[in-house]
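Peer 1: Sequence:
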Amino acid sequence: MIRRVGLVVNPTAGSGRGRRVGSAAARALMDAGAEAVSLSALDAVEALASVRRAVAEGQIDALVVVGGDGMVHLGIQALAETALPLGIVPVGSGNDFAASAGLPRSTDSAIEAVRAGVLAGTSTRAVDLLRVSGPGVTGGERWVAGAVSAGLDGAVNARANRLRWPRGSSRYVFAAVAEILVYRAWGYDVTVFDERGAVQLEWRSDGALVTVANAPRIGGGIAVAPSARVDDGILDVILAADVGRLTAARIFPAMLMGQHLRSAHLTATPGRTVEIAATGARDSWPAVFRDGELIGTLPVRVELCPGVLRLLG
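Residues -5 to 307 (this note's numbering) make up the sequence shown, in order.
Errors might be hidden in some of the hints.
Stated by the list, open to error - Using C-beta positions, here's what the derived DEER-type ranges look like:
| hint | residue 1 | residue 2 | range |
| --- | --- | --- | --- |
| 1 | T273 | Q253 | 28 to 36 Å |
| 2 | E106 | A77 | 46 to 54 Å |
| 3 | R156 | R239 | 28 to 36 Å |
| 4 | G130 | D200 | 14 to 22 Å |
| 5 | T263 | M24 | 44 to 52 Å |
| 6 | L175 | D226 | 45 to 53 Å |
| 7 | T6 | E189 | 34 to 42 Å |
| 8 | S17 | G181 | 48 to 56 Å |
| 9 | V39 | S257 | 37 to 45 Å |
| 10 | G227 | M24 | 44 to 52 Å |
| 11 | R190 | M24 | 47 to 55 Å |
| 12 | A18 | T116 | 39 to 47 Å |
Read the hints as simulated data drawn from the structure, not as lab findings. None of the values given here were measured: they were computed from a predicted structure. We treat Cβ as the ideally placed atom computed from N, Cα and C, and that holds for glycine.
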């Protein structure tokens, strides 16, 4: 039975709609007979600490986040590998994980789905997450819902997330142009393992695109890994060698239509675990992004963990 539901709201999400939507979510929880326990804070670090404390002390039976993919990221850090379900009310600019998981896109429908989940009192759906670890990862280890990027693709997604104009997928085009102009290839050493630990692929090359995906979408709807599914127990690895600026300028627009994997320059393979390291003598290491947010630097180990997150609604 779900009686106490933690609620974390990003009030600035959706051009300021987050606060209003959060209030509506709280009312829906109370209508379902649950107590809405506010765990929001001044920033994400404080909010995550509040949620983790509530989980550890048994103060909540479920968690609902109101916002974009950043709020999803906060929720999964606290709930991965627990029995507590996560409800998602998408209000952000991208909402990629909610869409990838087949959750309602409209706020009203998402709130109703969460209310119905509370009334049902249980979660019947589990989804996969990526566990990212390494000496350069913030905190040593992070859970990721969507995708991990360590190449030009990650830098493009991160820049797109920072842009306030234009809206929609056009942000991605603007970001791609800006990043390609300053692009420089890194040397990568990538090893992909299957579920038995056997080597699936060894890839050593100067590279432009290095992505490990649990979900198909990044950047507000860019299908970077079209065949990825959040509940299939498989991660998808997308790689592109150093193709130069001109070819990169062709590949990234193709991502908008999910057609980039037709390029002979790209390699795609499924797996369960991936190890990514940088090669060559450099004074710094390539950055690692999760869903467009910086989480550290190489080297990293990315492991697909099946069914470690339960969804509410």
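Peer 1: Hint by hint, say whether it matches the structure.
Peer 2: Verification of the hints:
no. : hint                       : verdict
1   : T273 with Q253: 28 to 36 Å : 30 Å, holds
2   : E106 with A77: 46 to 54 Å  : 24 Å, violated
3   : R156 with R239: 28 to 36 Å : 21 Å, violated
4   : G130 with D200: 14 to 22 Å : 20 Å, holds
5   : T263 with M24: 44 to 52 Å  : 48 Å, holds
6   : L175 with D226: 45 to 53 Å : 37 Å, violated
7   : T6 with E189: 34 to 42 Å   : 41 Å, holds
8   : S17 with G181: 48 to 56 Å  : 51 Å, holds
9   : V39 with S257: 37 to 45 Å  : 40 Å, holds
10  : G227 with M24: 44 to 52 Å  : 37 Å, violated
11  : R190 with M24: 47 to 55 Å  : 48 Å, holds
12  : A18 with T116: 39 to 47 Å  : 23 Å, violated
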